[in-house]
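J.: Letter by letter, the chains look like this.
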Amino acid sequence: DQQVKQNSPSLSVQEGRISILNCDYTNSMFDYFLWYKKYPAEGPTFLISISSIKDKNEDGRFTVFLNKSAKHLSLHIVPSQPGDSAVYFCAASEYNFNKFYFGSGTKLNVKP
Amino acid sequence: DGGITQSPKYLFRKEGQNVTLSCEQNLNHDAMYWYRQDPGQGLRLIYYSQIVNDFQKGDIAEGYSVSREKKESFPLTVTSAQKNPTAFYLCASSARDRDNSPLHFGNGTRLTVT
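As you go down the protein sequences, you meet chains A and B in turn. Our numbering puts the first sequence at residues 1 to 112. Our numbering puts the second sequence at residues 113 to 226.
Honestly, the hints are just simulated from the structure, not real lab data. Given the structure is predicted, the values throughout are model-derived calculations rather than measurements. Careful: at least some of the hints might be erroneous.
When the alpha-carbon atoms are kept at most 30 Å apart in a straight line, the in silico DSSO-like pairs for lysine-lysine are as follows [stated by the list, open to error]:
1. A:107 <-> A:5
2. A:99 <-> B:183
3. A:37 <-> B:121
4. B:182 <-> A:38
5. B:195 <-> A:5
6. B:121 <-> A:107
7. B:126 <-> B:169
8. A:99 <-> A:38
9. B:121 <-> A:38
10. A:107 <-> B:195
11. B:126 <-> A:56
12. A:71 <-> B:121
13. A:5 <-> A:68
14. B:183 <-> A:38
15. B:169 <-> A:5
16. A:56 <-> A:5
17. B:121 <-> A:99
18. A:54 <-> A:37
Pulled out of the complex, with its shape left as it was, chain A reads as follows:
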């Protein structure tokens, strides 16, 4: 059973607007969460992470929000740019277990 889920396979957003990508998890022991961006035929690139002791982390245009009670995290991209078009994966791991579990990805299309 998937422990990390991304229920939206795709998202289309106009350039300059906000992109919101969502991720849910089931394992309450997860305490470290990450977002990756992936282009076709390339490896994923790390974007941003958040520890369970925080509920928000920002890095430039990217902000990750964590709602532990809902077991939900989201990635906000503001403003969205055409170069942001890619597949975004969320991932999670449990303290003391150096294993990372990935969602199935959301394909973001930012229209010029």
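Could you slot chain B onto chain A? The hints should help.
T.: Same frame as chain A, now just chain B:
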């Protein structure tokens, strides 16, 4: 520049043959991983190693084998016992202090078995 090198980028094999995928890192990371990506699916963990000469099975280890004789290298062998070997294979590494080190990925090897 530090990074992870996977070779080759594309690999073709006949059914019934074993094939080994290379992964080398110069990031001085202790932990290394192999993931598999299939169309429309996320990354699934095959094997991982937290230290030299030690490795553990991931969620889909059947039909695969690994070795970790050197810190820099973590080759993956896809054996003839793997029922659906055609996929995109990704190698990754991380420092063991994982709160300050996310997974770093190579650019992958696309394996096609016919």
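J.: Please go over all the hints and tell whether each is borne out by the structure.
T.: Results of checking the hints against the structure:
no., hint, verdict
1, A:107 <-> A:5, "14 Å, holds"
2, A:99 <-> B:183, "18 Å, holds"
3, A:37 <-> B:121, "19 Å, holds"
4, B:182 <-> A:38, "28 Å, holds"
5, B:195 <-> A:5, "26 Å, holds"
6, B:121 <-> A:107, "23 Å, holds"
7, B:126 <-> B:169, "25 Å, holds"
8, A:99 <-> A:38, "20 Å, holds"
9, B:121 <-> A:38, "16 Å, holds"
10, A:107 <-> B:195, "28 Å, holds"
11, B:126 <-> A:56, "49 Å, violated"
12, A:71 <-> B:121, "37 Å, violated"
13, A:5 <-> A:68, "15 Å, holds"
14, B:183 <-> A:38, "26 Å, holds"
15, B:169 <-> A:5, "22 Å, holds"
16, A:56 <-> A:5, "20 Å, holds"
17, B:121 <-> A:99, "25 Å, holds"
18, A:54 <-> A:37, "22 Å, holds"
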